[in-house]
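S.K.: For reference, the chains in residue letters:
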Amino acid sequence: MSSDLLDKLIKALTVLPGVGKKSAQRMALYLLDKNKSGAREIANSLNDALDNIQRCKSCRMLTTNDLCHVCQDETRDSLSICVVESPSDLLAIESTGGYKGKYFVLMGRLSPLDNLGPDDLGIPQLLERIDKENMKEIILALSSTVEGDATAIFIKDHVENIKVSRISYGIPIGGELEYVDSNTIARSIIGRVEINDD
Amino acid sequence: MTELWHDAFLLHQRPYGNTSVIAEMFTLENGRISVIARGAKKPKSKFFGVLSPFSKLRITYRGRSELKTLTNVDKEDIFSDSFSKLSYTLLYINELLIKILPQGAPQSELFKLYDKFLIEVKSSEEIDIVLRKFELDLLEMLGYGINFINEVDSGQSIELNKSYDFVPELGFKESPNGLFEGNEIISISKLNFKDINKKKFKSLTTMAIGYSLDGGDLKSREIFKTLKK
Numbered sequence: 014m015s016s017d018l019l020d021k022l023i024k025a026l027t028v029l030p031g032v033g034k035k036s037a038q039r040m041a042l043y044l045l046d047k048n049k050s051g052a053r054e055i056a057n058s059l060n061d062a063l064d065n066i067q068r069c070k071s072c073r074m075l076t077t078n079d080l081c082h083v084c085q086d087e088t089r090d091s092l093s094i095c096v097v098e099s100p101s102d103l104l105a106i107e108s109t110g111g112y113k114g115k116y117f118v119l120m121g122r123l124s125p126l127d128n129l130g131p132d133d134l135g136i137p138q139l140l141e142r143i144d145k146e147n148m149k150e151i152i153l154a155l156s157s158t159v160e161g162d163a164t165a166i167f168i169k170d171h172v173e174n175i176k177v178s179r180i181s182y183g184i185p186i187g188g189e190l191e192y193v194d195s196n197t198i199a200r201s202i203i204g205r206v207e208i209n210d211d
Numbered sequence: 022m023t024e025l026w027h028d029a030f031l032l033h034q035r036p037y038g039n040t041s042v043i044a045e046m047f048t049l050e051n052g053r054i055s056v057i058a059r060g061a062k063k064p065k066s067k068f069f070g071v072l073s074p075f076s077k078l079r080i081t082y083r084g085r086s087e088l089k090t091l092t093n094v095d096k097e098d099i100f101s102d103s104f105s106k107l108s109y110t111l112l113y114i115n116e117l118l119i120k121i122l123p124q125g126a127p128q129s130e131l132f133k134l135y136d137k138f139l140i141e142v143k144s145s146e147e148i149d150i151v152l153r154k155f156e157l158d159l160l161e162m163l164g165y166g167i168n169f170i171n172e173v174d175s176g177q178s179i180e181l182n183k184s185y186d187f188v189p190e191l192g193f194k195e196s197p198n199g200l201f202e203g204n205e206i207i208s209i210s211k212l213n214f215k216d217i218n219k220k221k222f223k224s225l226t227t228m229a230i231g232y233s234l235d236g237g238d239l240k241s242r243e244i245f246k247t248l249k250k
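Chains as they are written, first to last, in our numbering: chain A, 14 to 211; chain B, 22 to 250.
The set of hints was computed from the structure by calculation and includes no laboratory data.
This one's a predicted model, so the numbers in the text were calculated from it and none came from an experiment.
Straight line, CA to CA, 25 angstroms or less: simulated DSS-like cross-link-like pairs of lysine-lysine: (1) B:K120 x B:K143; (2) A:K35 x B:K89; (3) B:K106 x A:K169; (4) B:K240 x A:K169; (5) B:K194 x B:K211; (6) B:K194 x B:K215; (7) B:K223 x B:K183; (8) A:K145 x A:K70; (9) A:K35 x B:K62; (10) A:K149 x B:K106; (11) B:K183 x B:K154; (12) B:K137 x B:K211; (13) B:K89 x A:K34; (14) B:K143 x A:K169; (15) B:K77 x B:K137; (16) B:K63 x A:K35; (17) B:K63 x A:K34; (18) B:K67 x B:K96; (19) B:K154 x B:K137; (20) B:K183 x B:K221; (21) B:K96 x B:K137; (22) B:K120 x B:K246; (23) B:K219 x B:K183; (24) B:K215 x B:K106; (25) A:K47 x A:K34; (26) A:K169 x B:K246; (27) B:K211 x B:K221; (28) A:K176 x A:K149; (29) B:K106 x A:K176; (30) B:K183 x B:K194; (31) B:K77 x B:K96; (32) B:K62 x A:K34; (33) B:K183 x B:K211; (34) B:K133 x B:K106; (35) B:K223 x B:K133; (36) B:K62 x B:K77.
Bound conformation, chain B alone (with noise of 0.2 angstroms):
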């Protein structure tokens, strides 16, 4: 039987045994998988130096059960433009899709998303809003999306003139002195972040992030929070 080729961007990966590693792989057509690479750390291994995240990538595999077998790698693009700020994010997005995604469960949607991600952020000058923007897709796409439209209680719309705080189960709650104006709130669902507040829209995002995972933290958030700069 032929193997079919897939696409898939490499998640993580880790050391198994001497030479080989274990990686996690988002593939366009049957989500996450666990694959062995065998012999990839060695230099002559056809795995050697391809198997790196934020590429995409072509592999095949082959097993039945939860840990298959990598079988060939084919990068598509080169990602050379390591060595910069980008890389907390890009560690940061990982962990997040690790924990937010179910093994085996197609997401070929996500995947896409995950796909025109990259090639914005590496391009992009204004990282925090590309970010921003796909922790809203990804949370309303896996079911977690927030309904700016709506005040939780009367049901009634976001109005301009009034504050809210987010409750993330829930939505926006009206408050007094609440954090998010009805006008940053209609602004973000309308998809224009231009003069919205950086940290109050990350603060949204983490709460909702936060929910999704289910009071799970993410250890990069700790670890990129110590930044000085």
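Pulled out of the complex, with its shape left as it was, chain A reads as follows (with noise of 0.2 angstroms):
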């Protein structure tokens, strides 16, 4: 049964996060054995969009164009951006509905053991866009993490005359304080917001 082709494949699906020799064997099977087209479709659609998907040319999304389709967007307000470290972090944003900015992806955050600098992350980029699109809000959507403080704190040192805010932390909606870990009971005492009347 066992043939280097196939060999092959079951390597080829260990690249994947999360797949083991056992499970690609599985996945192999499945797909050459009961779903043929499926398998077509994954091979195309691997193929087209290794071919087509490239980062933005302005905020480092993946697209198929040159800009993505926030940044060709007139209707959203041009004048804030809202870093984000992953491709993912930007979608759920936008799944919100909530937030009708710009974006910038850094695909990282700052970390020297991992050896990601500021070039790594593209903050050259990102500043020079800051700078000639006039924009007037930085909105840090970090993780809550040492690297994630130190990459917002390197970019709030790098600008001059910007709002900068970052994203704030708490209680998760429907959530229990008597659950919550305390580190971020204490941040969300730090970050408290007054009730409005209205």
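Assemble the dimeric complex from its two separately framed chains, guided by the hints.
M.R.: As structure tokens, this is what we get:
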């Protein structure tokens, strides 16, 4: 049953995160045996995507054009920019529909131990864009880790005359205080908000 | 067999698979170890939100191979004073520790030093000084201590009014236009850092650490030297 091509396919599938040899074998056998059309579609989509998807020249999001749909959309607020760590963070914010400005995707965060510096994150490109497009607000939607903090401060230190804010941390909606970790509670007390009358 | 609880600090973590992380821990009894925290990224995991650096943790782990399995974590203190300039310093220190500490060799004195450093640096106004002091102590403990007492060639005591250059593998060498004045070297040896030029002091520990890392460079230095302020 085993053949070179089959082995090659199984090995190729193990590049996916969380897929080991056993799962890869199951996937390969399923695709070849039970769902050939699905397999063909995966192969074609992958090829198409690899040939056509690139990073947006303006925000580094993945896109098929030079500019992604958010950067092309002229109805969006072009004076505020939300900085995120990964395309999935951008999609998460987009899915809420609550933000109407532009984005910038760092593809990581400053981390000396992972050998990631400002240039790897496109920070010079971000700063140039903020300057050129005369932006008025930067919203840093970065993770709540030391690396996230360092990235936030690094960006803040490199801009002038612009409002820099960071998304707040706190109790999840529907969450009960008792089950929230103490660090989050401490932060949410620091970042508390006033209740308005209206 | 009941598992032993160990005092530990998290130095670094990297994702492993979809929801797990591999963490570099610095433990009191066993020095630097690598542990895998399975499912740590799931919100319902007992590791979620507790695996954070710069807070003292109590952990249990098991396993005989080099990569241990983390079984429990408890956080002792809360370090929520992030989002400040301190994050640069802390990232630098952890990079330094990871590069300089051998795996699995107990370093309980150094653990205590690191613990003390974290407490001091969180409350200090003069982060630079606390950091330099930690660097000097760290070098001393790892056997790269700087000789502040004698000149390298003659073996004579450092003199107040002479100037010296610092040669990393040796020590201070008398030189007519040396970077360091005798009185500065003597002040440092007496832990009197008040009148020391901060830049010079930093260049001293930078050179000594560079030597201890065998010329290897620290990425955090490269990143943070581009800072404007």
